[in-house]
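K.L.:
From first to last, the protein sequence lines stand for chains A and B. Heads up, the first sequence stops at 369 in my numbering, and the numbers go up one at a time, no gaps. Heads up, the second sequence stops at 1369 in my numbering, and the numbers go up one at a time, no gaps.
A few of these clues could be false.
[Said to hold, decoys possible] No farther apart than 20 angstroms at their CA atoms in a straight line, the calculated lysine to any residue pairs in the SDA-like style are these:
id, chain 1, residue 1, chain 2, residue 2
1, A, Lys72, B, Glu1294
2, A, Lys51, B, Lys1072
3, B, Lys1072, A, Asp120
4, B, Lys1072, A, Lys180
5, A, Lys72, B, Lys1322
6, B, Lys1322, A, Arg292
7, B, Lys1322, A, Asp120
8, A, Lys322, B, Glu1294
9, A, Lys12, A, Lys322
10, B, Lys1322, A, Leu119
11, A, Lys180, A, Lys51
12, A, Lys72, B, Ala1291
13, B, Lys1358, B, Lys1241
14, A, Lys10, A, Arg292
15, B, Lys1051, A, Ile326
16, A, Lys322, B, Lys1358
17, B, Lys1322, A, Lys12
Hints in this document: simulated from the structure, not taken from any laboratory. In this text the structure is predicted, and so the values were computed from the model without any measurement.
Number of protein chains: 2
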Amino acid sequence: MSFSFELIHKEKDTAARLGRIKTSHGEIDTPIFMPVGTQATVKTMTPEELKEIDAQIILANTYHLYLRPGSKLIAEAGGLHEFMHWDRPILTDSGGFQVFSLSELNEITEEGVYFQSHLDGSRHFISPERSMEIQMDLGSDIVMAFDECPPYPSEYDYVAESLERTIRWAKRSKEAMTSKEQALFGIVQGGVYEDLRRACVEALVEIGFPGYAIGGLSVGEEKEQMLEVLDFTTSVMLEDKPRYLMGVGTPEDLIEGVMRGIDMFDCVMPTRIARHGAVFTSEGRLTVRNARYERDFTPLDHNCNCYVCRNYTRGYIRHLIKRNEILGIRLTTYHNLYFLINLMAEIRRAIAEDRFLKFREKFYRQYQI
Amino acid sequence: MSFSFELIHKEKDTAARLGRIKTSHGEIDTPIFMPVGTQATVKTMTPEELKEIDAQIILANTYHLYLRPGSKLIAEAGGLHEFMHWDRPILTDSGGFQVFSLSELNEITEEGVYFQSHLDGSRHFISPERSMEIQMDLGSDIVMAFDECPPYPSEYDYVAESLERTIRWAKRSKEAMTSKEQALFGIVQGGVYEDLRRACVEALVEIGFPGYAIGGLSVGEEKEQMLEVLDFTTSVMLEDKPRYLMGVGTPEDLIEGVMRGIDMFDCVMPTRIARHGAVFTSEGRLTVRNARYERDFTPLDHNCNCYVCRNYTRGYIRHLIKRNEILGIRLTTYHNLYFLINLMAEIRRAIAEDRFLKFREKFYRQYQI
């Protein structure tokens, strides 16, 4: 196993932690934000641009790549890194979440999940073993156990029953993951129920994984409830393993997650809102496609030092986006990813210097949610 | 006037020439291919990428920028260079061609042209004076006289009459162009009629311009006819002024144009076909979105050394284009522009070494039209 996690520093006032993950494709400083490259591309970005903004790891989606172009094709190309020209770490999800959220679900059995593609209605079956096989074809550095993501809200009894199966699937995932170069993370489910989350953590730790993810959050519950679940879930998780909060990633979510001891985040939001002409700034979100920015010849964010903010104005970017020019959403995407990655770098410095709460306070004074 | 043209070398066997244009935004080696940035952006490309592929000058469209975002707005932003973050030379057309080809034409009078926007039907009027005013707002380095482009085919009498007006408009354009930093080119019209082309050249030379364009070609006539018009038109054009063949730009057109003494070319074709997944290669055009390239893990062009060909495969680019991923058309666009710009660099070397005909022969041996 070429994977390791080192806990470097625990912040004095909060549960925030500084760590370092090592993989055979390089190191990752945690806490980290991982840009999402659903279809083997972080939308609009080249790998070189991702490096320019210091992306240390990206995420790719097993479900999408399994359907198109197919994981066997990617294996033939030499794996996902080679296929997409990215030589730093990649994390792939298990396909579970998309099977449950995107596809037309036909049947969940003990063996696995029967579903129809959201693209063409074709019939497929994914089990823990299939998910591991696909992720081995992809050759990602961090792979995720195949789990069920119950919708929100779900009754306690359903979540409890589903959870038992997810734990059995986690065990089967571990047995099926035979690649020594890929680190398999377990996924903590359990909805909003404290005892179920705790039981899941215990069961997964019993099986034993090099890292643990928290799934099933940011799926419709109130923000307060999400933070509460995070509180009681992280409180029982292992200290010496990385903790990954799946699919969560507004600036404020990153800060609140880090404060509760989360090490890894991913979210499509920065790239998705960019395509609609919305950007993060140090003062909050801004929709640059709005008419009010037509003659605004200042940068997207006055406090940002990224390539976009150094060279382009709101007025120009608005023009591009209004004209459906690709450069427009290239620039908003670049800026948004830079914003979150840079935010995480600042967070890491604050943790290292034991001033995370001050940093958080200052952030919220400026940033209008 | 900060514009100059130096004729450096005349190739021994053909009319091909090597030259250098100087503008206040830098020098241009001719013969040159100019990428088109219709809406103040060369589609999908950043200015840095354009420099990476050694684009020395780009073209922008007066008609489009006049309509949106408006030339006054661009003037407020500090001019087109500042607005779009491009500090090398820019050439703008006069708006004439688009008024005649895109808009709904209402009336052509001696004074100018009344038309309705192709975008929203709004009513506008452009005259030589208005065109110069707009191009002065844009602040391009090379500006074009306002001309009428008769459709192809057009009767001799109509072309002759239109030409007279175009010449009067050229004179008014010159009088209206009061910016000393901008070089105004005259445009030779005259359809496919030799005597009209000759008369137009003479009349324009009489007015006097620092450069001359050939308009109204590649508008539907046969390739042979275009080359014939080029032959008799260039034969009467001044030797010591740059010659710009407007809107022409397949690889073979560039070679044939250069051979007949053309110095400057522009064309939307390389960027347009890129968006449909087609690329130039040293062996001819290739539609990389075709199924046959699904598992082709070789570069777009085996003989190309561009960023795309060094780092990506046909299979990956096909995947991106089939999935409508922006990176796909970024890569095909980048490659196509590199291909034409690099072709021109090779052409310049061949001219310098008096081996243009050999170069041409070798090109056609490889390149399947």
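K.L.:
Compare the structure with each hint and give your call.
P.N.:
Status of the hints after comparison with the structure:
no.	hint	verdict
1	A/Lys72 / B/Glu1294	holds (12 angstroms)
2	A/Lys51 / B/Lys1072	violated (38 angstroms)
3	B/Lys1072 / A/Asp120	violated (49 angstroms)
4	B/Lys1072 / A/Lys180	violated (62 angstroms)
5	A/Lys72 / B/Lys1322	holds (17 angstroms)
6	B/Lys1322 / A/Arg292	violated (36 angstroms)
7	B/Lys1322 / A/Asp120	holds (14 angstroms)
8	A/Lys322 / B/Glu1294	violated (34 angstroms)
9	A/Lys12 / A/Lys322	violated (48 angstroms)
10	B/Lys1322 / A/Leu119	holds (13 angstroms)
11	A/Lys180 / A/Lys51	violated (26 angstroms)
12	A/Lys72 / B/Ala1291	holds (16 angstroms)
13	B/Lys1358 / B/Lys1241	violated (26 angstroms)
14	A/Lys10 / A/Arg292	violated (44 angstroms)
15	B/Lys1051 / A/Ile326	holds (18 angstroms)
16	A/Lys322 / B/Lys1358	violated (48 angstroms)
17	B/Lys1322 / A/Lys12	violated (50 angstroms)
Against the hints set out earlier in the document, violations occur for numbers 2, 3, 4, 6, 8, 9, 11, 13, 14, 16, 17.
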